[in-house]
Amino acid sequence: MKHLYSAACALLVSSALFLTSCKENKKLPVYGLRETKTIKNADGSAGVDTIYQTIPAFKLLNQDSVYITNDHFKGKIYIADFFFTSCTSICPIMHRNLKTIYDKFQDNPDVLFLSHTIDFKYDTPSVLKKYAKKLGVDGPKWQFVYGPKDTVYTLAEKSYLVAVMQDSTNRDGYVHQGFLVLIDKDKKIRGAYDGTNPEQVAQLMKDIPVLLAEDNKADKK
Amino acid sequence: MRKSIITLLFLSTLTGIFYSCQTAERIQQDAYYVNGRDLYIKHCQNCHGANGEGLGELAPPLTDTVYLKENKTQLACFIKNGLSAPVTVHGKVYEGKMPDLNMADIDLAQVIVYITNSFGNKQGMYSTEQIAADLKKCK
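As they're listed, the protein sequences go chains H and R.
Read left to right, the first sequence gives residues 1 to 221 (the working numbering).
Read left to right, the second sequence gives residues 1 to 139 (the working numbering).
Since the hints were derived computationally from the structure, they do not count as laboratory data.
We put the beta carbon where it would ideally sit given N, CA and C, even for glycine.
Beyond 12 Å from chain R on every Cβ pair, some chain H residues (computed):
| no. | residue |
| --- | --- |
| 1 | Gln53 |
| 2 | Pro125 |
| 3 | Glu157 |
| 4 | Glu199 |
| 5 | Ala202 |
Where chain H lies over chain R, by a calculated footprint (3+ residues, C-beta under 8 Å):
| no. | stretch |
| --- | --- |
| 6 | 36-49 |
| 7 | 57-68 |
The calculated BS3-like cross-link candidates involving lysine-lysine, where the alpha carbons are at most 27 Å apart (straight line), are:
| no. | chain 1 | residue 1 | chain 2 | residue 2 |
| --- | --- | --- | --- | --- |
| 8 | H | Lys187 | H | Lys141 |
| 9 | H | Lys74 | H | Lys26 |
| 10 | R | Lys92 | H | Lys134 |
| 11 | R | Lys97 | H | Lys134 |
| 12 | R | Lys97 | H | Lys99 |
| 13 | H | Lys37 | H | Lys188 |
| 14 | H | Lys104 | H | Lys134 |
| 15 | H | Lys99 | H | Lys206 |
| 16 | R | Lys137 | R | Lys69 |
| 17 | H | Lys134 | R | Lys42 |
| 18 | H | Lys104 | R | Lys92 |
| 19 | R | Lys92 | H | Lys133 |
| 20 | H | Lys206 | H | Lys188 |
| 21 | H | Lys206 | H | Lys74 |
| 22 | R | Lys97 | H | Lys133 |
| 23 | R | Lys92 | H | Lys99 |
| 24 | H | Lys134 | R | Lys69 |
| 25 | R | Lys97 | R | Lys42 |
| 26 | H | Lys130 | R | Lys92 |
Hey, can you work out the whole structure from these sequences and the hints?
Next up, the structure:
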């Protein structure tokens with residue numbers, strides 16, 4: 001009888017723990033550099049605010065030869081990556097995985113996609129358009145953008161924290177990291193996932209609803 | 001009862017022995033298949049997919065058994081030298097460029113054995129000698 005009682009107690013405690021752990025609101029971390037700023041609170045006292053790294057304003061040509069700026073992503077979350085159309089190594093697998101995510105969130109207007117080409121010589125908007133069509137992507141949800149080398153490479157390394165470079169010793173001519181970078185409504189980096197790793201891609205798929213839920217809650221406040 | 005169990009055991013052992021014996025050619029084909037799978041994962045899977053499903057209209061699937069059968073003697077050329085001419089697979093035209101992978105004859109034979117015996121294909125063995133002959137006829 002005593003055993004039964006303690007067993008019941010243990011069950012109760014563990015189930016209580018289990019329930020509370022479920023209720024906890026999951027939040028994604030914020031990546032990138034950050035700095036602090038002294039601010040004045042509403043009541044006049046001094047406080048400290050954290051300034052997070054954000055994606056700066058950009059203006060790049062998309063697959064329809066139309067300029068795309070930050071405004072396109074206003075109030076949306078998006079996944080950004082860097083690739084080039086003639087890439088034979090990691091890009092096909094990255095975009096195969098990203099396409100799966102694209103298909104899953106096809107009907108969700110709050111999730112967008114942005115692929116930057118790093119082949120500034122060959123990947124003109126018309127080439128990007130053809131590539132997108134062949135991948136099975138149409139419409140403004142997934143943007144493929146083209147820009148001058150400096151602009152795109154600086155954006156990659158300084159803002160999205162993805163290494164890209166020209167490499168004459170590589171048979172494709174360019175090398176880059178295969179990260180899929182998750183950006184929130186405030187242009188902050190909330191995750192980076194290796195687009196060639198199925199586990200990390202699955203994690204990204206799980207994290208997108210978490211980020212969406214987080215933003216919806218902030219709206220209600 | 002006991003007798004029948006013993007007979008059953010004996011018979012199943014016999015059939016086991018019988019089926020574990022394979023012809024030398026079959027063993028070689030299996031070896032090629034296994035090595036070919038490693039090569040496929042390394043060189044082909046990125047574009048053609050883990051199940052040979054292809055990638056949109058960028059890379060054709062490898063599930064068109066008729067195409068692979070009719071063009072078998074050209075496969076070595078495609079893989080070794082790349083391909084920029086359009087191909088029609090499953091009735092769809094694919095225009096993308098395939099890179100040249102410049103593999104040795106034995107590797108070509110192994111990867112071709114893997115592809116032509118996976119994804120619904122079942123074409124059996126393909127030897128290094130056949131590859132060498134095919135490569136001489138590359139366009």
